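Quick mapping for you: the protein sequence lines, in order, are chains A and B.
The opening position of the first sequence corresponds to residue 1 in full-length UniProt numbering, with each subsequent residue numbered one higher.
The opening position of the second sequence corresponds to residue 1 in full-length UniProt numbering, with each subsequent residue numbered one higher.
Hints were generated in silico from the structure; no laboratory data involved.
Everything hinted at is true.
Below, simulated BS3-like cross-link-like pairs (lysine-lysine); rule was C-alpha separation at most 27 Å, straight line:
| id | chain 1 | residue 1 | chain 2 | residue 2 |
| --- | --- | --- | --- | --- |
| 1 | B | K198 | A | K162 |
| 2 | B | K133 | A | K209 |
| 3 | A | K201 | B | K110 |
| 4 | B | K201 | A | K110 |
| 5 | B | K4 | A | K162 |
| 6 | B | K113 | A | K162 |
| 7 | A | K132 | B | K198 |
| 8 | A | K201 | B | K112 |
| 9 | A | K132 | B | K4 |
| 10 | B | K201 | A | K113 |
| 11 | B | K113 | A | K198 |
| 12 | A | K198 | B | K132 |
| 13 | A | K112 | B | K112 |
Residues on chain B that point at chain A, a partial pick, calculated with CB under 8 Å:
| id | residue |
| --- | --- |
| 14 | F122 |
| 15 | K132 |
| 16 | M150 |
| 17 | A153 |
| 18 | D161 |
| 19 | Y163 |
| 20 | V167 |
| 21 | E178 |
| 22 | A185 |
| 23 | R189 |
| 24 | S190 |
| 25 | S207 |
| 26 | L208 |
Predicted model, so just to flag it, every value in this text is computed and none were measured.
No residue lacks a Cβ here, since even glycine has one placed at the ideal position from N, Cα and C.
There are 2 protein chains.
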Amino acid sequence: MSRKGILIVVSGFSGSGKGTLMKELISRYGENYALSISATTREPREGEVHGKEYFFITKEEFEKKIAKEELIEYARYVENYYGTPRDYVEEQLDAGRDVILEIEIQGALKVKKAFPETLLLFVTPPTSSELKKRLIGRGTETMEIIESRMRRAVEEAEGMDKYDYLVVNDDLGHCVEEMHAIIRAEHCRSFRNAAFMKEIKDDLSRSLKGE
Amino acid sequence: MSRKGILIVVSGFSGSGKGTLMKELISRYGENYALSISATTREPREGEVHGKEYFFITKEEFEKKIAKEELIEYARYVENYYGTPRDYVEEQLDAGRDVILEIEIQGALKVKKAFPETLLLFVTPPTSSELKKRLIGRGTETMEIIESRMRRAVEEAEGMDKYDYLVVNDDLGHCVEEMHAIIRAEHCRSFRNAAFMKEIKDDLSRSLKGE
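Please build the complete structure, drawing on both the sequences and the hints.
This is how it looks when you write it as structure tokens:
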């Protein structure tokens, strides 16, 4: 079915393991997917490579991109901008690859608004007690940090039902296969195959008229 | 994720091979699925068994079922009633099995209206030329029969975009796996997991309040 790529946003609770999940998905099915690379104005950390972890650009360059609508979404945290360059995403989609953006909920909803066909996936631990265990960590964090994580998780939970699918990360291998299956299935959605349906309808009508 | 069964309606063009597809799906994954059995007032044909191909009941019994709302949908063709008994479907859904109804589009839309969470799948040949080939058959049919099939296909095509997914029947084995994957993925839809999301939200809020 639909060979055009799908834009996929993956979000999830802190500690849901979505980073590892994405890496494993790419390592198993890299030919199907492209991971979007964000642009940022923050300084590269040691070992980070321009064009791999991020596109590192200046504030002026970033603001030029905003003005020229060259970003699908962007946000400012403290002093720095982060955003998703449009050109790379569109190239990959046109080449038939599904493009994955790993962003948080505010960004996810902005992308969905701009591109209603975006697929929103939310990664979650299998139970709420497991979620709390992961938020609390190994017991070496301060109460302040735990409470701040917990508050953020409450916000994330509030947005969960805006996502199309929940992906339960119980076992990495199983979860990767489930996510891959969801995305494959999504290519069969009728609204993603409007051209195919039109062709069938038009061709049948022509045949009936004896053309 | 969601362990409650999903009600699935499968329709498709005449000649799309959906009957064979259903049989293969049940033979591979029978433990997951239950095929709904229709009730009808028509006479059993040779070899047809009550409770297997159909529930064969009298017109009086059928009309009593209509009055008592014991049918999910029904239709009358010529002199006979056909309908889907509600009790069997609900039992199977509660037992966590996905129930498949193989019905045509008018019935499908009635079911979707009564049960908005119903999953609608439409089976189609891979191309419109393949579809026409199957409608025309081996060239042994009268022009009248071919034209009547063609008219019906035009109607079916008009309804295609009301379905959630298109399932392309190119190769039986591949198509069965695709349909199975679509249904498995559908269990991860967020709207089918409202109870899970509520539990997470409530539990996080309680933890944050220190309860």
